[in-house]
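> Chains A and B are the protein sequences, given in the same order. Under the numbering used here, read the first sequence as residues 14 to 518, first letter to last. Under the numbering used here, read the second sequence as residues 6 to 328, first letter to last.
Everything labelled a hint here was simulated from the structure, so no lab data went into it. All residues carry an ideal CB built from backbone N, CA and C; glycine is no exception. Please note: incorrect hints may appear among the correct ones.
Claimed, not checked - Label-pair distances were calculated between CB atoms; the ranges are: (1) A:31 / B:158: 53 to 63 angstroms; (2) B:143 / A:397: 33 to 43 angstroms; (3) B:271 / A:389: 48 to 58 angstroms; (4) A:205 / B:299: 33 to 43 angstroms; (5) B:183 / A:370: 43 to 53 angstroms; (6) B:33 / A:443: 16 to 26 angstroms; (7) A:181 / B:299: 50 to 60 angstroms; (8) B:184 / A:180: 53 to 63 angstroms; (9) B:223 / A:21: 27 to 37 angstroms.
To be verified - Okay, derived cross-link-like pairs now, DMTMM-like style, lysine to aspartate or glutamate, Cα gap no bigger than 25 angstroms in a straight line: (10) B:189 / A:198; (11) A:306 / A:368; (12) B:282 / B:270; (13) A:116 / A:262; (14) B:189 / B:120; (15) B:189 / A:266; (16) B:189 / A:478.
Take a look at the letters that make up each chain.
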Amino acid sequence: MEILGLLGDGMLIALQPLNLLLIFVGVTVGLFIGAMPGLGSVNGVAILLPITFLVPPSGAIIFLAAIYYGAMYGGAISSVTLGIPGASTAVATTFDGRPLAMKGRASLALVTAAIASFIGGSVANIIFTGFAPVLASVALSFGPPEIFALMLLAFATFVGLGGEDIPKTVLSICLGLVLGAIGFDQISGAPRLVLFDINAFLQGIGFLVLAIGVYGIGEMLWTIEQTRGEVENNTPKMTARGMMSDAGEAIREGWKGTAIGSFLGFFVGILPAAGATPASLMSYGVAKMTSRKPEQFGRGSVDGIAAPEAANNSASTGSMLPMLTLGIPGSPTTAILLGGMVIWGLVPGPRLFVDESEFVWGLIGSFYISNMAALFINLAFIPVFIWMLRMPFTILAPMIFVLSIVGGYAATRDMFDIWLILFFGFGALVLRRLDYPLAPAVLAIVLGPIAEPTLRQSLLLSSGDPMIFFNRPVAGPITIIAIILILLPALKLFRRKKPTTAVGE
Amino acid sequence: MSITKRALLQLSCAGLLATTPMAALAQEWEPRRPIDFVIMAGPGGGADQIARFIQSVAEQHDMTSRPLVPNNKGGGSGAEALIHVSSASDPDHTILVTLNSFFTTPLRQENLGIDIQSFTPVAMMGVDPFVLWMHVDSGITDFEGFLTQARAMNGEFVMGGTGTGQEDSIVIAFMSGAYGIDVKYIPYDGGGAVARDLAGQQIMATVNNPAEAKGFYEAGDFVPLLAFSDERIPAYPDVPTIRELGHDFSYYNQRAIVGAPGMSDEAAAYYQDLFTKVYETEEWQGYLASESLSPLWMNADEQRAYWDTQVESHRVLLSQLDG
Numbered sequence: 014m015e016i017l018g019l020l021g022d023g024m025l026i027a028l029q030p031l032n033l034l035l036i037f038v039g040v041t042v043g044l045f046i047g048a049m050p051g052l053g054s055v056n057g058v059a060i061l062l063p064i065t066f067l068v069p070p071s072g073a074i075i076f077l078a079a080i081y082y083g084a085m086y087g088g089a090i091s092s093v094t095l096g097i098p099g100a101s102t103a104v105a106t107t108f109d110g111r112p113l114a115m116k117g118r119a120s121l122a123l124v125t126a127a128i129a130s131f132i133g134g135s136v137a138n139i140i141f142t143g144f145a146p147v148l149a150s151v152a153l154s155f156g157p158p159e160i161f162a163l164m165l166l167a168f169a170t171f172v173g174l175g176g177e178d179i180p181k182t183v184l185s186i187c188l189g190l191v192l193g194a195i196g197f198d199q200i201s202g203a204p205r206l207v208l209f210d211i212n213a214f215l216q217g218i219g220f221l222v223l224a225i226g227v228y229g230i231g232e233m234l235w236t237i238e239q240t241r242g243e244v245e246n247n248t249p250k251m252t253a254r255g256m257m258s259d260a261g262e263a264i265r266e267g268w269k270g271t272a273i274g275s276f277l278g279f280f281v282g283i284l285p286a287a288g289a290t291p292a293s294l295m296s297y298g299v300a301k302m303t304s305r306k307p308e309q310f311g312r313g314s315v316d317g318i319a320a321p322e323a324a325n326n327s328a329s330t331g332s333m334l335p336m337l338t339l340g341i342p343g344s345p346t347t348a349i350l351l352g353g354m355v356i357w358g359l360v361p362g363p364r365l366f367v368d369e370s371e372f373v374w375g376l377i378g379s380f381y382i383s384n385m386a387a388l389f390i391n392l393a394f395i396p397v398f399i400w401m402l403r404m405p406f407t408i409l410a411p412m413i414f415v416l417s418i419v420g421g422y423a424a425t426r427d428m429f430d431i432w433l434i435l436f437f438g439f440g441a442l443v444l445r446r447l448d449y450p451l452a453p454a455v456l457a458i459v460l461g462p463i464a465e466p467t468l469r470q471s472l473l474l475s476s477g478d479p480m481i482f483f484n485r486p487v488a489g490p491i492t493i494i495a496i497i498l499i500l501l502p503a504l505k506l507f508r509r510k511k512p513t514t515a516v517g518e
Numbered sequence: 006m007s008i009t010k011r012a013l014l015q016l017s018c019a020g021l022l023a024t025t026p027m028a029a030l031a032q033e034w035e036p037r038r039p040i041d042f043v044i045m046a047g048p049g050g051g052a053d054q055i056a057r058f059i060q061s062v063a064e065q066h067d068m069t070s071r072p073l074v075p076n077n078k079g080g081g082s083g084a085e086a087l088i089h090v091s092s093a094s095d096p097d098h099t100i101l102v103t104l105n106s107f108f109t110t111p112l113r114q115e116n117l118g119i120d121i122q123s124f125t126p127v128a129m130m131g132v133d134p135f136v137l138w139m140h141v142d143s144g145i146t147d148f149e150g151f152l153t154q155a156r157a158m159n160g161e162f163v164m165g166g167t168g169t170g171q172e173d174s175i176v177i178a179f180m181s182g183a184y185g186i187d188v189k190y191i192p193y194d195g196g197g198a199v200a201r202d203l204a205g206q207q208i209m210a211t212v213n214n215p216a217e218a219k220g221f222y223e224a225g226d227f228v229p230l231l232a233f234s235d236e237r238i239p240a241y242p243d244v245p246t247i248r249e250l251g252h253d254f255s256y257y258n259q260r261a262i263v264g265a266p267g268m269s270d271e272a273a274a275y276y277q278d279l280f281t282k283v284y285e286t287e288e289w290q291g292y293l294a295s296e297s298l299s300p301l302w303m304n305a306d307e308q309r310a311y312w313d314t315q316v317e318s319h320r321v322l323l324s325q326l327d328g
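With the rest of the complex left out, here is chain A (with noise of 0.2 angstroms):
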């Protein structure tokens, strides 16, 4: 097993003490800095890549991937804790650690998103040990076909849900779709929608703003609509046997939903396009569809937060697979890498592995070492946070406003932005009240981005022939999947006609 001697070397490589110590700092700096809402690993890498020249390149890129694994791990706690996303990838954790929280089980929800997101790395380590060359080729048979082919099921996981509101889901989707097209269209340069002739409408409506302005905003206003200021406290004190407890059951309930996590997200990673984002909101999606208890979706799911938080992770280490093999970064933080690693004098690509063979395998080795500090540190810290929510609601509330408005202010510097998310806040609320689902509408606007393009290249690339989706070896099936996925509710519609209506509400 030549491999298994190359990851040993390159471990002992990390547990040199110089760094072990870049590995439990970066992954501590990385815990906040995810932590903080709008500050994700992108910002955390692009603030600390000087502070690595004082390193070895190795230390150094050992030292921003442990950021990268320590912010996604951080992503989870404002999540669950405050309801803001605290990166774009943690969205997806918003939609049930949140309400998970709400009900005093939010020790639960962060163990569990600890526990899912430890299995989510250590998974997507080993696939990657194993087999890196061979799932770069993969991700290069991945061509515009296959990669709409991919979006579409994604969607269809978020529409193929029985049980709720069809048309209200659709119509959100096509909501996040219509912002998500805002700004410059990316095929032909023309700009698009640019409402009321506002210029800062060209740099389209970023992910993260509708997100905040949903989760943290509109969530804040719901809650204080909803309890008229006097929510119950009933976060219980942290313990470590209740831990231990929240341990099994998050293990228990939620090992379906780490699993799926694990894989998809992996492998959503290692395409080109996509990166940890898409990756966590997909695999909700199928998490929530195969699950047996898809009515819990939303309002406190075990599997709905194992899902996204297994998923993140393991596509982070998934998109660094294009980044070290192909050259290419699969995520903005690899792009980051990418730059750093340049410097450091090591040409990512495809002889980075050949010729630099101690360098790639002391950072994979790092991988196993950061996972496991993410996991201890993580845990560690999750009795403060919880402490933080035992505080009364009223100065809880004051203080998602500002942290959603600093979070939003610090990603762009664009004091548009800030509107935006305000009004994406009041909106949200409203249409919360008409009871519309608005997960669709975040997917969407991240989702859409990618599809649009692909599917016009694809479409360029067969003359106008859409049996290109169905003809290609890979596209075909996913598409097939897909097209099933989005007739079924339909179907299921149709058969339920005679027991019960209406399921969930």
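Got chain A; can you put chain B on it based on the hints?
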């Protein structure tokens, strides 16, 4: 509470750092906050690689008191970046890494109201040549083979690029016209994505900068067939230029840094000095050589004059493209 306090404290500290001039004693202009380092292209392409390389060089030699923060704004063939920079609230801290879409996008989208002469010249870091590439599995090893196949496929030969009106499309249009071939052109959002899809054989040929294709070339995946430079590229000595084949044509992508419109003279002088220093580093000179860029150093006045000639020549090239 401790965490929130800590988080808020971090924020307020960050805020303080961002607004307090550190070198208050220094006479010359210094940036007072992180510099918005806008890139006219998406991540992974030639312009992005260069921007990140420059950022790294500046960081490594500690050349700036505030960091350069890369900011990809590739939308609308760089129109997004031009709008962002020309409406920057703080022109002294906003600079732009340009490519030729700096000339072509305002020409193609006059409704944007961008006048490039309102921007501030900073530095011309070099010019990047273009090369025609195919995948090694195609079995084609020279330009003749490419022509034969492209003609045989009669309009079904697929090439990828960064969009109609973009640099590579100008080169492809010239080549197609000169040799009477008809290709299907698929637009992508950056040179990195184009090279990736040639590696995956989703498309059959590309016109990429050497920097974008080099990794795949070295791994034995890509074959260079024709160079669009004035002379043969040292790294690819066996690849003929289109000039050798009897066509008076060459085309380069500019790798220049410009400042936002309305930048103060002091700030412009600071950035001109900064990028002169970056240009002279061993790293940048090494990058020029290894990625096959040609040096084309100019001072600020020469850059303005260069912009004028480039706008005029692109006006002609684009009219041929659309007509």
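> All the hints need checking, so say for each whether the structure fits it.
Do the hints match the structure? See the list:
Checked against the hint of 53 to 63 angstroms, the C-beta distance between residue 31 of chain A and residue 158 of chain B comes to roughly 56 angstroms, which is consistent with it. Taking the beta carbon of each, residue 143 of chain B and residue 397 of chain A are about 59 angstroms apart, not inside 33 to 43 angstroms as hinted. Checked against the hint of 48 to 58 angstroms, the C-beta distance between residue 271 of chain B and residue 389 of chain A comes to roughly 51 angstroms, which is consistent with it. Take residue 205 of chain A and residue 299 of chain B: their Cβ atoms lie about 37 angstroms apart, and the range 33 to 43 angstroms holds.
A beta carbon spacing of about 46 angstroms between residue 183 of chain B and residue 370 of chain A agrees with the range 43 to 53 angstroms that was offered as a hint. For the pair residue 33 of chain B and residue 443 of chain A, the beta carbons lie near 54 angstroms from each other, so the given range of 16 to 26 angstroms is not met. About 59 angstroms separates the C-beta atoms of residue 181 of chain A and residue 299 of chain B, a value consistent with the hinted range of 50 to 60 angstroms. About 55 angstroms separates the C-beta atoms of residue 184 of chain B and residue 180 of chain A, a value consistent with the hinted range of 53 to 63 angstroms.
Judged by the Cβ atoms, the range 27 to 37 angstroms given for residue 223 of chain B and residue 21 of chain A holds: they are separated by roughly 29 angstroms. The hinted pair formed by residue 189 of chain B and residue 198 of chain A meets the criterion: a straight-line CA distance of about 20 angstroms does not exceed 25 angstroms. At roughly 50 angstroms between alpha-carbon atoms, residue 306 of chain A and residue 368 of chain A are farther apart than 25 angstroms, so this suggested pair is violated. With a CA separation close to 18 angstroms, the supplied pair residue 282 of chain B and residue 270 of chain B stays within the 25 angstroms bound.
Note on residue 116 of chain A and residue 262 of chain A: the hinted pairing holds, with a Cα-Cα distance of about 15 angstroms set against a maximum of 25 angstroms. Between the alpha carbons of residue 189 of chain B and residue 120 of chain B the distance comes to roughly 33 angstroms, so the proposed pair goes past 25 angstroms and is violated. Only pairs whose Cα atoms come within 25 angstroms are accepted, and residue 189 of chain B paired with residue 266 of chain A is rejected, the gap being roughly 52 angstroms. With a C-alpha separation of about 14 angstroms, the suggested pairing of residue 189 of chain B with residue 478 of chain A holds against the 25 angstroms cut-off.
Violated hints, in rising order: 2, 6, 11, 14 and 15; the structure is consistent with all others.
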